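J.: Guided by the hints, dock chain B onto chain A, whose structure is given.
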Amino acid sequence: MAPIIQTENISHVYSAGTPFELAAIRNVRFQVEQGEFLGLMGHTGSGKSTLIQHLNGLLKPTAGRVLFQGEDIWSSPKKTRAVRFQVGLVFQYPEYQLFEETVYKDIAFGPKNMGLSDGEIDERVRWAAGIVGLEGSQLERSPFELSGGQKRRAAIAGVIAMRPEVLILDEPTAGLDPRGRQDIIGQIREYHRERGAAVVLVSHSMEEIARTADRIVVMSGGTVAMDGTPREIFRRAEELHGMGLAVPEVTAVMLRLHSLGLDVDPAAYTMEEARASILSLKGGCARA
Amino acid sequence: MLKDITFGQYFPGDSLLHRLDPRTKLILTLIFIVTLFTARHVLSYGILLAYLVFAVILSGIRPGVIFRGLKPIVVVVIITGILNLFYTPGIPLWSFWIFSITAEGIRAAVFMVLRILMLITGTLLLTYTTSPILLTDAMERLMKPLKVLRVPVHELAMMMSIALRFIPTLLDETDKIMSAQKARGADFESGGLMQRARALLPLLVPLFVSAFRRADELAVAMECRCYHGGEGRTRLRVLRFALRDYLAMIFGIALGAGVTVLGVFGM
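Protein chains in written order, with UniProt numbering: chain A, 1 to 288; chain B, 1 to 267.
Bound-form chain A, shown alone:
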């Protein structure tokens, strides 16, 4: 199956020709498959944010091409604008972009720009609000009256309402309490399941990514450093440490047990796997 988004060796240089010149990403070859849940990790300054802004045509690569469904997204201005609706991008701290008088109007901003009918807009706004758990009465309130977590969810609904085929989120849970984090991750998974859309989740939390992603891409120094299943990635704990990243806490525990001489799976990255691995060990000991 062809990937839905693909970058062909893109590079991006900021402030070219000034003392502040900075190559944020270099020769990045990256793809998102139809309907997958992809985790994107990387240390601050590794180029993640620059990369994702290329995927919906907010940044134009200084070199290379970005393909959406096999077509160059920069082939015409019309195409670029169309891609922005099909590849939804939720920025970091999206609550700072709320501007309308009511939550309803703010969520409707995207669909309205798509030129949909009033009926269709209404249906989408209510559906998107439902997914992020905002209720009817909250839709008529000013977005500035909501709590931090609610604002964040309203902003995410504003992107989901466009029903993008690829949903990209830049650290959607940053600065929220554990409950708020769980809610948002759950809502993103629901969108993923209900629409069969591809999701790219940028996160610093290994637990979050380990629990949700089918595949993980690790960025470091402006290039793709690793690409594989969570199991493949978390097996390379040493390298991850070298890039300023960590493995999930469960994996760290299992690694330590392994290094102490116990025959457990050092790459287990979910609680269930770790439990099974330790229990099987216990069973083995009992038999011996």
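It should be emphasised that the hints constitute simulated quantities derived from the structure, not laboratory data.
Keep in mind it's a predicted model, so treat the numbers as computed, not measured.
Misleading hints may appear alongside valid ones.
Derived DMTMM-like pairs (lysine to aspartate or glutamate); straight-line CA-CA distance at most 25 Å [what the hints assert, rightly or not]:
hint, chain 1, residue 1, chain 2, residue 2
1, A, K78, A, E95
2, A, K78, B, E189
3, A, K60, B, D172
4, B, K71, A, E100
5, A, K105, A, D72
6, A, K79, B, E189
7, A, K60, B, E217
8, A, K60, A, D72
9, A, K112, A, E194
10, A, K78, A, E21
11, A, K60, B, D175
12, A, K112, B, D187
13, B, K176, B, E231
Okay, the calculated bits of chain A under chain B, using three or more residues with CB under 8 Å as the criterion [what the hints assert, rightly or not]:
hint, segment
14, 2–8
15, 80–88
16, 123–130
17, 137–144
18, 208–222
Cβ coordinates follow ideal geometry from the N, Cα and C atoms, glycine included.
T.: Showing chain B alone in chain A's frame:
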């Protein structure tokens, strides 16, 4: 996009110009600007232009950066040039309908354009080689005598440094909000004047909200550290004139005086 605006930006460096005391640079820039307005003759302009080029070379700032800084005023320069070209009275060299071009007009247009470009380049050079903090420090020191007249010099300087400090932050913020709204299909580039003005709403509302939030946070942070104005406040970096400052000052004043004298004699 907005990051490419270099007006008023500081480029860190270690050239002679960077190391001069900010007060020296401020005074020299003022003298340069005043002198620029007394110049009436090719000779005066030549001397000032050479002086400016010399300063640019000393600063180590690449010419490309300066040209980029001049870009935003190109339209103003062109309009000024055209107005001077057509509206200066004199003996017409060429005329068509209500327009006529005079020798005086050409002269006035060329000088006016040169004057604006040199003026902007001079001030750009000041901000390119002086960090905003040093610049406001220098202003505070130079305005100190006004304290006698109860001018709140320290407060003004503090307000200015805060304003300068937040320009890049707000530009960054603008860029971010613009991207976020574009990701929802906002269109800032097409449509008529009214449509464009309305399209700015999704940008301006969040920008104001965040500016107020930042101001509030800063005020609280300052109060937490017991800020109470300039009374009895000492400095981390005390400005001191060095030999190079005296030399630069003598050179600049002599040059300014020379050109002014030339101007008085009609050159």
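J.: Taking the hints in turn, state whether each one holds.
T.: Here's how the hints hold up against the structure:
{"no.": "1", "hint": "K78(A) x E95(A)", "result": "violated, 28 Å"}
{"no.": "2", "hint": "K78(A) x E189(B)", "result": "holds, 13 Å"}
{"no.": "3", "hint": "K60(A) x D172(B)", "result": "holds, 18 Å"}
{"no.": "4", "hint": "K71(B) x E100(A)", "result": "violated, 35 Å"}
{"no.": "5", "hint": "K105(A) x D72(A)", "result": "violated, 32 Å"}
{"no.": "6", "hint": "K79(A) x E189(B)", "result": "holds, 16 Å"}
{"no.": "7", "hint": "K60(A) x E217(B)", "result": "violated, 35 Å"}
{"no.": "8", "hint": "K60(A) x D72(A)", "result": "holds, 11 Å"}
{"no.": "9", "hint": "K112(A) x E194(A)", "result": "holds, 22 Å"}
{"no.": "10", "hint": "K78(A) x E21(A)", "result": "violated, 30 Å"}
{"no.": "11", "hint": "K60(A) x D175(B)", "result": "holds, 15 Å"}
{"no.": "12", "hint": "K112(A) x D187(B)", "result": "holds, 12 Å"}
{"no.": "13", "hint": "K176(B) x E231(B)", "result": "violated, 39 Å"}
{"no.": "14", "hint": "2–8", "result": "violated (count 0)"}
{"no.": "15", "hint": "80–88", "result": "holds (count 4)"}
{"no.": "16", "hint": "123–130", "result": "violated (count 0)"}
{"no.": "17", "hint": "137–144", "result": "violated (count 1)"}
{"no.": "18", "hint": "208–222", "result": "violated (count 0)"}
Consistency note: the structure conflicts with the earlier hints numbered 1, 4, 5, 7, 10, 13, 14, 16, 17 and 18.
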